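A.B. asks: Just so you know, the protein sequences line up as chains E and P, in that order. Our numbering applies: residue 41 is where the first sequence begins, and numbers increase by one. Our numbering applies: residue 41 is where the second sequence begins, and numbers increase by one.
If you're looking for bench data, these hints aren't it; they were derived computationally from the structure. Quick caveat, the model's predicted, so the values are computed rather than measured. Keep in mind that a hint or two might mislead.
Given that identical chains are not distinguished, each listed pair holds provided it fits within a single copy or across any two copies.
[Said to hold, decoys possible] Heads up, simulated DSBU-like pairs for lysine-lysine below, C-alpha to C-alpha not over 35 Å straight-line:
(1) 467 - 307
(2) 268 - 206
(3) 452 - 467
(4) 103 - 235
(5) 137 - 103
(6) 452 - 268
(7) 235 - 452
(8) 467 - 103
(9) 206 - 235
(10) 103 - 452
2 protein chains.
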Amino acid sequence: MNILIENCLVLPMTAGAGEAQYFRATVGIAEGRIRMIDRDGSRTESFCRQWGADMQVIDGQGKLLMPGLINVHTHVAMTLMRGFADDLPLMPWLNDKIWPFEAKIDRDDVALGARLGIAEMLLSGTTTFVDMYWYEEAVAEIARETGIRAVLSPCFVDSRMEAFEKDLPATLERAAGCDRLTVRVAPHAPYSCSKENILRGVELCHRYGIGMHTHLAETQAEMEQVRKLHGLSPIRYFDQLGVFDLPTIAAHCVWVDDDDIAILRDKGVSAAHNPQSNMKLSSGVSPVERLLQNGVNVGIGTDGTSSNNDLDMWEEMRSCAFLQKLADNDPCTLPAYEVLKMATVNGAKAIGMEGELGVVEEGAIADVILIDIEKTHFYPRHNLVANLLYCGKAADVDTVIVDGRILVAGGKIVGVDLPALYAAMEKRVAEILRR
Amino acid sequence: MNILIENCLVLPMTAGAGEAQYFRATVGIAEGRIRMIDRDGSRTESFCRQWGADMQVIDGQGKLLMPGLINVHTHVAMTLMRGFADDLPLMPWLNDKIWPFEAKIDRDDVALGARLGIAEMLLSGTTTFVDMYWYEEAVAEIARETGIRAVLSPCFVDSRMEAFEKDLPATLERAAGCDRLTVRVAPHAPYSCSKENILRGVELCHRYGIGMHTHLAETQAEMEQVRKLHGLSPIRYFDQLGVFDLPTIAAHCVWVDDDDIAILRDKGVSAAHNPQSNMKLSSGVSPVERLLQNGVNVGIGTDGTSSNNDLDMWEEMRSCAFLQKLADNDPCTLPAYEVLKMATVNGAKAIGMEGELGVVEEGAIADVILIDIEKTHFYPRHNLVANLLYCGKAADVDTVIVDGRILVAGGKIVGVDLPALYAAMEKRVAEILRR
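Bound-form chain E, shown alone:
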């Protein structure tokens, strides 16, 4: 089905300095791509002539069209553990709660957790997520079925290599033939993976022609431990192991120095900034402004729902701006438009889709969202971009289109029986706890 969005505001995220950041237009989507952005009404008729059979028309009045949000770091199936363990110190949190729970979950649990998390992401305007977990093959299955775009990263720690070695080819197989899905390899972190296993991950990336996704420089403890064991910062250590010769997303990058930053830039590593997780777990503050100023690409992620506890990119963007202004003692740091770029343009770059995703442009893939801007918190309209970044909410997302398919319409997710999903989740979690 093709789509005509009539007379909406468009925030393409492509404005150069001095150009209007948004404008009014009618937008045509056909065969999965944005085909027309008609600002003066001169091209809509011919678009409809060309693509008109089976055209869905959406009234864009009172709505703003923008690129779908790209969540560059999460563990979507951890919805299973949302609210299971909060307000605890790190080690009891992991040892007594998260790890024992995770030890009990199986492939089908992960599929169900992914189903709930993907629904939450779509409803809040996230059209692409970069995932890392066990049984990633199950996440691939659900992503494929639900229509969201995903980068799936089977994860390993030293104690789970065998499972990983099965999960990676299975995930690749699930993703095969679906343009929305790509795969990466995820060494969990420098402190949980041996040098040999990290090198094995690098080897597999080269073999399959895929990239890397890892946690890196998240906590001070990690930094100190890696320095002690390997005499290097976590970033230098991973660089030395050849990880950064592959396209890499490094989640967190909180504890980084100038040399680390230079490596990230020179090797084209993208950082995934997770401000709410970093705050909730007392990890620290990533120097995002310094990373950006030094040419490092930084996207925004929610992390998993054990450490956030939702998958809401709007609040994550806001926390990103607020936290950096505080940490840098500078209210000018990370202005609104820059943060919106982080969650769209930079996200696309992080997954190697620059220009294809994260923008509303003719020829780009039709991953777009319509925001209902007729809300109290969007008035007055001194600056709609500032309103969007500082006041926009998950519930303002009216329509979500991925790959030219409407997945959310009028704030409702299409074709998903949410009450049944909630009931299944409650039943499943009770079962897991009994295992």
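Following the hints, complete the assembly by docking chain P onto the known chain E.
C.D. replies: Below, chain P alone, put in the same frame as chain E:
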């Protein structure tokens, strides 16, 4: 009209250690008060017999009833300036944007700004707000008309004493005879008010038998300036002037030392914590956990929409928890239930309404909200209280009752034509900018 809320979950915010924090019950509201919390079904029939004429019945299935949120520090009419000036350094922000705009606004502008802000607050579950601004009489009028509960604080700086001396009695008159409205005096801050004028404020409080509301210890610059001018910290300075002999809400309390904290405790001053404003303006981090541990009452405020930019207490609660965990380097700091208490129980205490507001108890005033908990981000239900604090959103607020009157039903504000309000705001703001 009386109200019966059948079979909802109730989070009364009164649980002692070891007690269930929430339970299922049917709740009866009559003549503005909570009259019945029926946990076993034995009392509903007699409640209906007694109060049944003109009873509105609400199905509480899938909903959670809790106290309305209390926003202990805002400038509601600053919605006029939402998005007008963001991402700027403090002095250009004030000198070039906020103050010139404020110099142009009149009483009717303030009324319109308050109308929009109150709609936003009600829709997001705030039932009481503590305001501070010019033309507070206009805010009193709109608060009275819309049905929200408010503490109205006519504000003064040295250059506006004349206007303040008119605004205070006018505000008192507007509030007279309306139980929902009380009045306080607001010296803007120690750096913007002379000693003589602060003492004049104290005198007026004693004359009218009302309390104080002020900004205090917000920025490092303020602290240094007050120390230089008066040889005292802002808190000690205000204490010495007799401010704290009156019931006082001190907004911010970021730059406080142990002696300051002891004074706040000993004098029963309530702190209003505004984490998002403090972050966005790079003000610093209030030591909330230390204040609470030392016996200071701390509530939560949004501050005005020039520095936040919304009036959303859910995000404010979350930022409060996240920020403190980061600042204290302790993920155990400010657990979910404590933060919910700050926004309810502590808020009520801050305005001298402990036990009357901020709780769901028989006999308490019926300022309550119903949350739609059938949302993706509220599943699974390992811990509903954690889900509420870490995932609850403004848009989850289904019903808002203030003083026993339903002001929001099914997520819609009752009796307010929002499109007309938006249009009026756009027209008004354009006019102000032309003045």
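A.B. asks: Each hint should be assessed against the structure and marked as holding or not.
C.D. replies: Results for each hint:
1. With identical chains, the CA atoms of residue 467 and residue 307 are never at most 35 Å apart, being 46 Å at best within one copy and 52 Å at best between copies.
2. For the homomeric pair residue 268 and residue 206, the shortest alpha-carbon distance inside one copy (33 Å) is at most 35 Å, but the shortest distance between copies (68 Å) is not.
3. With identical chains, the CA atoms of residue 452 and residue 467 are at most 35 Å apart both within one copy (24 Å) and between copies (33 Å).
4. For the homomeric pair residue 103 and residue 235, neither the shortest alpha-carbon distance inside one copy (51 Å) nor that between copies (51 Å) is at most 35 Å.
5. For the identical chains of this complex, residue 137 and residue 103 are inter-copy neighbours only, at 28 Å across copies versus 43 Å inside a copy, given an alpha-carbon limit of 35 Å.
6. In this homomeric assembly, residue 452 and residue 268 never come within 35 Å of each other (Cα to Cα): the closest approach is 51 Å inside a single copy and 58 Å across copies.
7. In this assembly of identical chains, the alpha carbons of residue 235 and residue 452 never lie at most 35 Å apart, being 46 Å within a copy and 57 Å across copies at closest.
8. When the C-alpha separation of residue 467 and residue 103 is checked against a cutoff of 35 Å, the pair qualifies only between copies, where the shortest distance is 20 Å, while the shortest distance within a copy is 38 Å.
9. Proximity of residue 206 to residue 235 under the C-alpha cut-off of 35 Å is restricted to the intra-copy arrangement: shortest distance 20 Å within a copy versus 74 Å between copies.
10. For the homomeric pair residue 103 and residue 452, the shortest alpha-carbon distances inside one copy (16 Å) and between copies (19 Å) are both at most 35 Å.
Figure legend: structure checked against the earlier numbered hints; hints not met, in rising order: 1, 4, 6, 7.
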